[in-house]
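Novice: Residues per chain are reported as follows:
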Amino acid sequence: MTAAVTAENLSESIKEEVEAPPRRSRPTRKQNLVGWSFALPFVGLFVVFMAGPILVSLITSFTDLRSTDIRSPFGVNFVGFDNYGDVFSDPKFRKAAVNTAIFVFVGVPLTMSLGLLAAVGLNQGIVKFRSVFRLGFYLPAITSIVAIAVVWRLLLGADTGLINGLLDVVGIDGPGWLNDTQFALPSLIVMAAWKNLGFSMIVFLAGLQSIPVDLYEAAAVDGAKRWQPFRYITLPLLRPTILFVAVITSIGYLQFFEEPFVMTQGGPLDSTLSVSYHAYNQFSFGNYGYTAAVSYVLFVAIAVFTFIQFRLLRPKT
Amino acid sequence: MAPAKCSFVTTHRSAPKRSLRVFAVGVSLALVVAACGRDDEEGADDAPGASADTSDDGAADTSGDDTSAGAAEGSIDVWAMGTEGEKLGVLADGFMAEFPDIKVNVTAVPWDAAHDRIVNSIAGGEVPDVSMIGTTWMGEFATLGGLEPTPEGIDSSQFFEGSWETTEVGGVSYGVPWYVETRLIYYRTDLAEQGGFNQAPANWDEFTQLVQAQVDAGAEFGVSLQPGGVGAWQTFMPFFWQAGGEMLDESGAFTLDSEACVEALTFYDSFFEEGLTPPAVSDVPVEGSFTNGDVGSFISGPWMIGVVTDAGADPATWTVAHQPTEEAGTSFIGGSNLAVFEQADNKAAGWAFIEYLSRPEVQVEWYETVSDLPAVRSAWDDPALADDALLAAFGEQLEDAKSAPAIPTWEEIAAVIDDQIEGVTVGNTTPEDGCTTMQQEAESIGTGL
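If you're matching them up, the sequences are chains A and B in order. Using numbering that gives the first Met the number 0, read the first sequence as starting at 0 and increasing by one per residue. Using numbering that gives the first Met the number 0, read the second sequence as starting at 0 and increasing by one per residue.
Calculated directly from the structure, the hints in this document are not laboratory data. Only a predicted model underlies this, so the values are computations on that prediction, with no experimental measurement involved. Note that CB positions come from ideal geometry on N, CA and C, so glycine has one too.
Computed footprint of chain B on chain A, listed as stretches where at least three residues anywhere in the stretch have a Cβ under 8 Å from a Cβ of chain B:
#1 61 to 68
#2 150 to 157
#3 282 to 295
One chain only, chain A, in its complex shape (with noise of 0.2 Å):
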């Protein structure tokens, strides 16, 4: 893009840009050159610190570099596949992503409904102290993990736990929710739920609050019963809202990561390792040619996933 910019081809674009026809013209080359200019800090900023290193990873993903390796990176053997095939025939994969599927189909429609049925509680029912409700439920979203595992340990511990401790009372010997092998995924299916709600009754919220009231009020005049307005109008009209906590709730939920590292380590017997987590232990054994393949089979299935949601929560026309 070397365009020498003389008097001449100026004017001529000054006169394209005074006479220009009302549908868009093809932009001169001058006019690209500006624009880029304009967009270089950011091109710049993007090609070296996200496409660059996305694009590393891509191709570290084809190679079989390990930690030992990383003195001469460009010393590795290409491998093809071979990385990604290692993922599909690796059985630690394959419950990783057993797991983080139940997690995602089970942990999502449960944090969206508690979501709404929160929002929806807000926006009809709860007027005294609504604010301090809102703040209530959205308090979890916004705290450090690490805290809420310090209070989700106290209620969930086999022998001290709160949970245990009151079933005691009423003479149940309760299980050790993250202990044993069938309660510690569901436990912390319950617990990102709880977490996770406020943020998708805030969002909720405001597209209720975007519903005309007219329409409620037509639909009572009209003899609308019990659940019709809610089923006839708030669900077809929220449905871009929907669509959108369930896209960035399912992104969040595929790469589940963080309860499990703070509350269970993976465990027991990897009942709770999600594929974020098997990645994450791959990349510290130093098997960065496969952790990498990990990751993009991640993205991938996060980038279907999200896809299929447009398709089904699509507006209707």
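We have chain A already, so just place chain B on it with the hints.
Specialist: Quick look at chain B alone, frame taken from chain A:
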């Protein structure tokens, strides 16, 4: 290190015209992969472990003048982690008083960040001169080419054998042991006597009897063993060694599926099968349940002496015992080493500092400062250590203690062992299958040397 043998060729589309989309295509790189690859099949030329194998003289070269501390001068940067990092300044002051030409700058590095920070510093070539290195990291950093072989002037026999082995990667030593720890049996003597067991357990049968006696005397659990999870191998591997097992044979191949492994896993699992140990890690810390008599015994390191005392246990009611002896009475040895970096600016002064820290009297001073147990054997003759019965028991066990093999892939192998221990104790895996899986996965991971 070998220069890059790889060329990346960028192809730009000629002058992007319209949109960012076109630009994005322009940015895409075409890789010429043909020229890439390791220098040879194994990448062995690159690995200092391998090169040092073939040229012991190379290692010896550095020893000649470097260790003569008189020649050393200038300043050195030293990294240390945790409490050691905070308190090392005390020893550095003593060193500088004796070697006024050398200035020591100590940097405290948090344990969590230490591993990555050292890896990054080696990769970037901006290394300190000396660093404390966790024993299980030695294999990785030495293979990475980051560490300098130990000069021959340093006498390996002054250290505990098991500890010295942690410095050896592929037959070459990279650094010296600084402090050590090992694992003993902590048990409640009062409960054991009540249950009819009056001596330290000499072998596995007696260990089971001890545990059973504690239960008979009213302890909820006779022993607390880790059912799995990170670090369970440190409790389990001593039993493996006691049964006569070895992790690697002479040729460096894994031997985890031996009879010894099956025996050890069966023995370990027997406590879970019979309900003598908690089935899952309890949320009550072990020192608490040990003090109030819910748990009769556990296996841990020297730091628990202080923890148990602080928890309020009456010193008359408990003691520590040597690991039980079958084929051997081996325990696990951990701790940290000191190493000089291969890219360090001032190696001579670095080794001088390490030699100073290895003096018996300095090791005792260090014990008195931060309670780290000396890696130098003669330091144990000092009354500060010898007169304490509990500590002396640790000193005795250190003579028969082994470490994890110093291989770069150790952390990954350890995770495999942890998984299989958990599979046997918590899950339905049989000890035979557990050992077979350990072996298969360890073989597929490899030693990385």
